[in-house]
Amino acid sequence: MPEPIRIDMNDKDGEAFGAAFMEALFTGRPLVMFDSANPEAGEVGMGLDLDVVEGGASDA
0 MPEPIRIDMN
10 DKDGEAFGAA
20 FMEALFTGRP
30 LVMFDSANPE
40 AGEVGMGLDL
50 DVVEGGASDA
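Residue numbering for the sequence shown follows numbering that gives the first Met the number 0, beginning at 0 and increasing consecutively.
It should be emphasised that the hints constitute simulated quantities derived from the structure, not laboratory data.
Here are the simulated distance ranges between beta carbons:
#1 GLU53 x ASP10: 32 to 40 angstroms
#2 ASP7 x GLU53: 31 to 39 angstroms
#3 MET8 x GLU53: 32 to 40 angstroms
#4 ASN9 x GLU53: 36 to 44 angstroms
Cβ coordinates follow ideal geometry from the N, Cα and C atoms, glycine included.
Generate coordinates for the entire structure from the input sequences, incorporating the hints supplied.
If you want it as structure tokens, here you go:
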């Protein structure tokens, strides 16, 4: 299993989450969210299982 991408949900910069989510989407690595201000809450993980579609969509 690839190393997960870890994102601190206590970080108030919404761009950090968006960038981490996009990296997880494009690389297939799982995304693990945690809150550094509340370590007792633990971690929540999310994995994306995507299918590759050959040919793509048509404008016809």
